[in-house]
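Listed here are the chains, written in short residue letters.
2 protein chains.
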Amino acid sequence: MFGYFYKKIIMSTKSDSLLDVIFTRKSVRSYTGEVVSKQDLDMLLKAAMAAPSGRNQQPWAFIAVTNPDTLKQLADGLPFAKMLPAAGSGIIICGYSVPSTRSGGKDLWEQDCSAATENILLAAEAMGLGAVWTAVHPYPDRQDFIRNMLGIPSHIYPFSLIPVGYPTGAEQPKEKYDPGIVHWEQW
Amino acid sequence: MFGYFYKKIIMSTKSDSLLDVIFTRKSVRSYTGEVVSKQDLDMLLKAAMAAPSGRNQQPWAFIAVTNPDTLKQLADGLPFAKMLPAAGSGIIICGYSVPSTRSGGKDLWEQDCSAATENILLAAEAMGLGAVWTAVHPYPDRQDFIRNMLGIPSHIYPFSLIPVGYPTGAEQPKEKYDPGIVHWEQW
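Chains as they are written, first to last, in my numbering: chain A, 936 to 1122; chain B, 936 to 1122.
Derived from the structure by calculation, the hints contain no laboratory data.
All residues carry an ideal CB built from backbone N, CA and C; glycine is no exception.
Just so you know, nobody snuck in bad clues.
Which stretches of chain B does chain A cover? Using the computed rule of at least three CB atoms under 8 Å from a CB of chain A, they are:
#: 1; region: 957-965
#: 2; region: 981-990
#: 3; region: 1047-1059
Bound-form chain A, shown alone (with noise of 0.2 Å):
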């Protein structure tokens, strides 16, 4: 109902820049039920394609799934997205090979995928929505369970499915520094 932008007015004393967003970023299973609009679910689509991906190939696609019979049936045939009735939208990533002789045929959209994954999970954060990565690849299960929901081509394999809503506040951000695993100029 409420845009980003009049989001970012009356959320003013909460800091929407770069580092404070990844710092404060959490997985949020825990949601209130207020609808997202279109509108933020289409800004979070723009952050994911913005991401970058080997030789600029961007091989991905997205479902954004907002129907609640739809997200009952996903929660429902899947072991980890309960909680996406109450979130109340969801986005799958999907990606494809790109075969190329360029790297010895090596494919990167896995990686490519994740990047777009971290970009909708900052994005949201930053606009005051909550949401989580919940992994579909690498589990052939999930996968052609949304496949055959969805009606996703053969060639297309979802990724990840990530549940978004508003967040109750229950999930904070953890602590996760660690600089014993940093090493300098040497292992």
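Given chain A, put chain B in place with the hints provided.
Frame of chain A, contents of chain B only:
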């Protein structure tokens, strides 16, 4: 030489709001040669560790390289990192397998390291630095070269190498938004 907060003040015409940074981030391969401070590299590493990871396993470790001789050797031995000496520093993100019975033994470290890599790229852009994701995984020849050179244990996989420096401004962000690859409710 100049720390992040000083940069913030003198670069006040440039927004560091999360969405602005996501949309202005670009892959920087041209550097001025100005030295990046250890504090700034530390901030990038903190940003990396704030990324989400599957089951919060944080299966990552980091090597920060600033020694000119090491940077030159890396540039000479790798096909894609010729700009490392000009950048003046580089971060190698490493990952490792954390077997888990909970998800059928599947591994998520590549996705986790990708999220950490993307956080570094975004943080660099926000701090006025330039960076670029160069892929090390899944290329065994690149991984072996880096592992041998830097003394990385055999169970640790060099995943990505990120040159970090001050951008000349030669690179500009690409417009990659494509509404045609968004599907609503169903593929």
